[in-house]
Structure formats: C-alpha cells, structure tokens
Amino acid sequence: DQQVKQNSPSLSVQEGRISILNCDYTNSMFDYFLWYKKYPAEGPTFLISISSIKDKNEDGRFTVFLNKSAKHLSLHIVPSQPGDSAVYFCAASGYSGGGADGLTFGKGTHLIIQP
Amino acid sequence: DTGVSQDPRHKITKRGQNVTFRCDPISEHNRLYWYRQTLGQGPEFLTYFQNEAQLEKSRLLSDRFSAERPKGSFSTLEIQRTEQGDSAMYLCASSLAGSAGNTIYFGEGSWLTVV
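Chains as they are written, first to last, in my numbering: chain A, 823 to 937; chain B, 3 to 117.
Derived from the structure by calculation, the hints contain no laboratory data.
Please note that the accuracy of each hint is not assured.
Label-pair distances were calculated between CB atoms; the ranges are [claimed, not checked]:
1. A:873 x B:11: 30 to 38 Å
2. A:882 x B:40: 28 to 36 Å
3. B:62 x A:904: 18 to 26 Å
4. A:840 x B:4: 45 to 53 Å
5. B:17 x A:900: 46 to 54 Å
6. A:838 x B:73: 48 to 56 Å
7. A:840 x B:64: 23 to 31 Å
8. A:882 x B:20: 22 to 30 Å
9. B:20 x A:898: 22 to 30 Å
10. B:65 x A:898: 15 to 23 Å
Below, in silico cross-link-like pairs of lysine to aspartate or glutamate (EDC-like), each with a Cα-Cα straight-line distance of 20 Å or less [as the list claims (entries may be wrong)]:
11. B:13 x B:26
12. A:878 x A:853
13. B:16 x B:110
14. A:890 x A:846
15. A:878 x A:864
16. B:13 x A:864
17. A:929 x B:110
18. A:929 x B:88
19. B:73 x B:54
20. A:827 x B:88
21. A:878 x A:837
22. B:59 x A:823
23. A:929 x A:906
24. B:73 x B:46
25. B:73 x B:9
26. A:893 x A:837
27. A:929 x B:46
Beta carbons: idealized from backbone N, C-alpha and C, even for Gly.
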C-alpha cells in the first residue's frame, strides 16, 4: 500500500527546457511535503519543501506546487541543466514542526537532461 | 555545519556475521533517523530518536536489528546474524524538532553487501 506514488520511473528533458516531476499521495494526514535529489551511491539531498497551508513554494530554479484537493504535488525545474540529472524523490510527513514518524517516500523518478 | 556523517561507507560481510554502522548527526539536531534503501525503492523508515530516547520503530526493524543513541549525539545501528536480504544502503538522517516543518537531512549512506 503505497501512500506516496511517483508514477513515472524516468523522465527525459532537453537542456534548457522545463522539467516537471509529479507525485500523488493518498494519506490526507500528510501536511508537509519535500523533494530530495539523489545521485548514485550518495544519500538524498534536500531540495525544497512545502507546507499544506501553501500551494506554491519557489527557490531559484525549483518550484513546488501543491494541490491538496487532488492530493497531488509537482516539482518544476526551469531551466533544466545537465547537473539536474539524478533521481528525485517525493516525500511526505504527517506533522509539521515535529512528529512521531519519519518521512514516507515515493519510489523516485530518474530525470535525464539531454544536451 | 559538517552535515550528517556515516561510517563505514561500504561493508561487505558474510551471511551470519554481525555488522555495526555509526552515524554522527548535524551537531545541533536533536532528532536522528535511520532509513534503509534498496534498488528501485525510496528510502524506508526504520527508527528514530529524539535525544537519547528511541521513540518509534518500524515493523521493518526485526529483532536482529538494534539501534542506540546513548548520549543523544551519535548513533549506532547493529545488524546481528546478517542475511542476504539485509543488503541495502542504510541511511542516517537528522533534524531539529520544533523547526518549521520537519526537514530531514541525510548522510551519504552506508552500503551493506551480505555474501
């Protein structure tokens, strides 16, 4: 029973274009969402997060959108750069500012930026 | 801020042997987490500590696994009588309880191969 789903195992985007990575969740108790980037043989690196009280958060080239009614979030990267090639994980937490549990992760989307 | 550090980065062991991993969290963080990641999956929550107290354990954490954080600083994860199914990357992470949102920062992971 996957509570956080990333339905695209991989995504190929041309350099300079926009990359859009999608994530769906089923647990309505989740109220804090994060995106992590992971290179092979390294730990995940935190990218950006969003609280459920917001519908958008922006940090440089990265923007996360949250649609609570659809239980859907997306990560936009614009413009895409070769160094963005990595696996991106969507994660959700049930409580902001503390909490009894860690994060629930999706299976990841492998983003490939084509030159 | 030196980040989360893990040791060893790689470990190859024979089935039935015991292994221990160490994690040093970000110095001011009071929460410490252990996750496990296998190929094609996102990180899966194992357990977490707030200071020296182990507050939650996943059902993934069988009785062959034990984690400690004796002085509320570094933590160890021991796996006894290793099995081939234990082969995975073991990720340590830390966060500051009470900070806005529960942003967890990961170390680079410890690869375990059981032969």
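Going through the hints against the structure:
1. Range check, residue 873 (chain A) to residue 11 (chain B): about 34 Å between beta-carbon atoms, so the 30 to 38 Å window is met.
2. About 32 Å separates the C-beta atoms of residue 882 (chain A) and residue 40 (chain B), a value consistent with the hinted range of 28 to 36 Å.
3. A hinted range of 18 to 26 Å for the beta carbons of residue 62 (chain B) and residue 904 (chain A) is inconsistent with their spacing of about 36 Å.
4. With their beta carbons about 35 Å apart, residue 840 (chain A) and residue 4 (chain B) fall outside the hinted range of 45 to 53 Å.
5. A C-beta distance of roughly 48 Å is found between residue 17 (chain B) and residue 900 (chain A), which places it inside the suggested range of 46 to 54 Å.
6. Separated by about 50 Å at the C-beta atoms, residue 838 (chain A) and residue 73 (chain B) satisfy the suggested range of 48 to 56 Å.
7. The hint said 23 to 31 Å for the Cβ distance between residue 840 (chain A) and residue 64 (chain B), and at roughly 44 Å that hint is violated.
8. Residue 882 (chain A) and residue 20 (chain B) have their C-beta atoms about 45 Å apart, which leaves the hinted 22 to 30 Å range violated.
9. Our hint of 22 to 30 Å for residue 20 (chain B) and residue 898 (chain A) is violated, since their Cβ atoms are close to 46 Å apart.
10. Distance hint check: the CB atoms of residue 65 (chain B) and residue 898 (chain A) are about 44 Å apart, inconsistent with the given range 15 to 23 Å.
11. For the hint linking residue 13 (chain B) to residue 26 (chain B), the alpha-carbon distance of about 18 Å falls within 20 Å, and the restraint holds.
12. Restraint check: the Cα-Cα separation between residue 878 (chain A) and residue 853 (chain A) comes to about 14 Å, which is no more than 20 Å; the hinted pair holds.
13. Straight-line distance between C-alpha atoms of residue 16 (chain B) and residue 110 (chain B) comes to about 23 Å, which puts the hinted pair past the 20 Å bound.
14. Our distance criterion of 20 Å between C-alpha atoms is met by residue 890 (chain A) and residue 846 (chain A), whose separation comes to about 10 Å.
15. Under the criterion of a C-alpha separation no larger than 20 Å, the hint pairing residue 878 (chain A) with residue 864 (chain A) is inconsistent with the structure, at around 28 Å.
16. A threshold of 20 Å between alpha carbons decides the hint, and for residue 13 (chain B) with residue 864 (chain A) the separation of about 15 Å falls inside it, so the pair holds.
17. Of the pairs offered as hints, the one joining residue 929 (chain A) and residue 110 (chain B) holds, with about 18 Å between alpha carbons and a cut-off of 20 Å not exceeded.
18. Between residue 929 (chain A) and residue 88 (chain B) the CA atoms are separated by roughly 19 Å; this keeps the pair inside 20 Å, and the hint holds.
19. Of the pairs offered as hints, the one joining residue 73 (chain B) and residue 54 (chain B) holds, with about 6 Å between alpha carbons and a cut-off of 20 Å not exceeded.
20. About 24 Å separates the Cα atoms of residue 827 (chain A) and residue 88 (chain B), which puts this hinted pair outside 20 Å; it is violated.
21. For a cut-off of 20 Å, the pair hint linking residue 878 (chain A) to residue 837 (chain A) is broken: about 24 Å separates their Cα positions.
22. Restraint check for residue 59 (chain B) and residue 823 (chain A): the C-alpha separation of about 19 Å stays at or below 20 Å, so the hint holds.
23. Distance check on the hinted pair: residue 929 (chain A) and residue 906 (chain A) sit about 18 Å apart at the alpha-carbon level, within 20 Å; holds.
24. Between residue 73 (chain B) and residue 46 (chain B) the alpha-carbon distance is near 25 Å, which puts this suggested pair outside the 20 Å criterion.
25. Restraint check for residue 73 (chain B) and residue 9 (chain B): the C-alpha separation of about 18 Å stays at or below 20 Å, so the hint holds.
26. Restraint check: the Cα-Cα separation between residue 893 (chain A) and residue 837 (chain A) comes to about 29 Å, which exceeds 20 Å; the hinted pair is violated.
27. With a C-alpha separation of about 10 Å, the suggested pair residue 929 (chain A) and residue 46 (chain B) falls inside the 20 Å cut-off, and the hint holds.
When the structure is compared with the earlier hints, violations turn up for hints 3, 4, 7, 8, 9, 10, 13, 15, 20, 21, 24, 26 and for no others.
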